[in-house]
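S.K.: So the sequence shown is numbered by this note's numbering: it starts at 1114 and just counts up by one.
The set of hints was computed from the structure by calculation and includes no laboratory data. None of these values were measured; they are calculated from a predicted model. Note that CB positions come from ideal geometry on N, CA and C, so glycine has one too. Incorrect hints may appear among the rest.
27 Å max Cα-Cα, derived DSS-like pairs, lysine-lysine [what the hints assert, rightly or not]:
no. : residue 1 : residue 2
1   : K1303     : K1332
2   : K1116     : K1357
3   : K1358     : K1303
4   : K1331     : K1303
5   : K1345     : K1189
6   : K1331     : K1430
7   : K1430     : K1332
What follows is a list of derived Cβ distance ranges for each label pair [stated by the list, open to error]:
no. : residue 1 : residue 2 : range
8   : T1425     : G1187     : 50 to 58 Å
9   : K1428     : E1292     : 33 to 41 Å
10  : K1428     : N1176     : 47 to 55 Å
11  : E1306     : A1173     : 43 to 51 Å
12  : M1248     : G1183     : 22 to 30 Å
13  : D1149     : N1396     : 27 to 35 Å
14  : N1308     : R1421     : 17 to 25 Å
15  : G1251     : N1140     : 16 to 24 Å
16  : L1371     : G1188     : 34 to 42 Å
17  : Y1330     : Y1214     : 46 to 54 Å
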Amino acid sequence: MKKYTFSDKKDTRSGFGAGLAELGRTNSNVVALCADLTGSLKMDEFKNENPDRFFQVGIAEANMIGIAAGMTIGGKIPFAGTFANFATGRVYDQVRQSIAYSHKNVKICASHAGLTLGEDGATHQILEDIGLMKMLPGMTVINTCDYNQTKAATITIADHKGPVYLRFGRPKVPNFTSENEPFKIGKAIKLQEGNDVTIVATGHLVWEALQAAENLYKKGVTAEILNIHTIKPLDSIAILDSVKKTGCIVTCEEHNYLGGLGESVSRVLSLNHPAPQEYVAVNDTFGESGTPAQLMEKYGLDSRAIVRAVETVTKRK
1114 MKKYTFSDKK DTRSGFGAGL AELGRTNSNV VALCADLTGS LKMDEFKNEN
1164 PDRFFQVGIA EANMIGIAAG MTIGGKIPFA GTFANFATGR VYDQVRQSIA
1214 YSHKNVKICA SHAGLTLGED GATHQILEDI GLMKMLPGMT VINTCDYNQT
1264 KAATITIADH KGPVYLRFGR PKVPNFTSEN EPFKIGKAIK LQEGNDVTIV
1314 ATGHLVWEAL QAAENLYKKG VTAEILNIHT IKPLDSIAIL DSVKKTGCIV
1364 TCEEHNYLGG LGESVSRVLS LNHPAPQEYV AVNDTFGESG TPAQLMEKYG
1414 LDSRAIVRAV ETVTKRK
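Work the whole structure out from these sequences, hints included.
M.R.: Right under this line is the structure:
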């Protein structure tokens, strides 16, 4: 069994900031817009190095989306940044009409997603954003797991033609992926080989899945771990190949189980290869104020919850 370690913890929002800064130096068409959260989204470096390509729109997210859509007509590649709740729920009409329907080349960059936003509480802890975004025709949806992967994804989406929703977070989490690993949109990454159960995880739950795999191994259960960084387009082939081998699957996400990764996987299985599935996700509820660790434990999104889900699903084979 491969054991994963990390040298440090970093917030994924800083990975976005580092990737954006690099794009500022290498791609003159990249522009950045922010809704009064420049520091929170780590966009300061881009702003300082490219003041003529940075646009602070203030607390006017709908206006920001409209401006970004318009900029694409002149060949610019806008990266529009704000909190995930404001980037989706607050401006859904503008995203749908001005970006998705018009198929504009806008990159919606959403920080502070999910429960790990922490103490700011339920009003800011959006758990429905993946569902909102993945249902929009033509929208690519990416949810990265650590600093390195977020930086790589930020750089990669600049070359992707079409709208992208890039989701990342606030807390410092283990930075365990390779600094030089290329990011391929729509391609799952197999982190661990296994025969007894498939665990597919996205975002902050990828590290928790790896910890769960270690605990399961001690109990004689080998888990195959897939890092699903792209929710849409989903790597159906990788998922099906794994489930055909293991016979069951657990899906893990920091999102409502309604509308997220788990439901996308369920559709793939129902159409191609029905198999037992368990969900590690928020159970159709809002969050609350607390530290990220407290909330992940209370709402069943940590490694122990994944182990319990595996124990349940393997009995259903």
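S.K.: Now look at each hint and say whether the structure bears it out.
M.R.: Structure-based check of all given hints:
At most 27 Å may separate the alpha-carbon atoms for a hinted pair to count; K1303 and K1332 meet this at roughly 21 Å. With a C-alpha separation of about 24 Å, the suggested pairing of K1116 with K1357 holds against the 27 Å cut-off. Only pairs whose Cα atoms come within 27 Å are accepted, and K1358 paired with K1303 is accepted, the gap being roughly 14 Å. A hinted pair counts as satisfied when its Cα atoms are at most 27 Å apart, and K1331 with K1303 qualifies at roughly 20 Å.
The hinted pair formed by K1345 and K1189 meets the criterion: a straight-line CA distance of about 24 Å does not exceed 27 Å. For the suggested pair K1331 and K1430, the alpha carbons sit about 21 Å apart, so the restraint of at most 27 Å is met. Among the hinted pairs, K1430 with K1332 is consistent with the structure: their alpha-carbon atoms are about 18 Å apart, no more than 27 Å. The supplied range of 50 to 58 Å is met by T1425 and G1187, whose beta-carbon atoms lie about 53 Å from each other.
Range check, K1428 to E1292: Cβ separation about 40 Å, and the 33 to 41 Å hint holds. Separated by about 53 Å at the C-beta atoms, K1428 and N1176 satisfy the suggested range of 47 to 55 Å. For the pair E1306 and A1173, the beta carbons lie near 49 Å from each other, so the given range of 43 to 51 Å is met. With their beta carbons about 24 Å apart, M1248 and G1183 fall inside the hinted range of 22 to 30 Å.
Distance hint check for D1149 and N1396: the Cβ-Cβ separation is about 33 Å, which falls inside the suggested range of 27 to 35 Å. At roughly 20 Å, the beta carbons of N1308 and R1421 sit within the given window of 17 to 25 Å. With their beta carbons about 22 Å apart, G1251 and N1140 fall inside the hinted range of 16 to 24 Å. A hinted range of 34 to 42 Å for the beta carbons of L1371 and G1188 is consistent with their spacing of about 39 Å.
Against the hinted window of 46 to 54 Å, the Cβ-Cβ separation of Y1330 and Y1214 comes to about 48 Å, which satisfies the hint.
Going down the numbered hints, you'll see the structure goes against none, and every one checks out.
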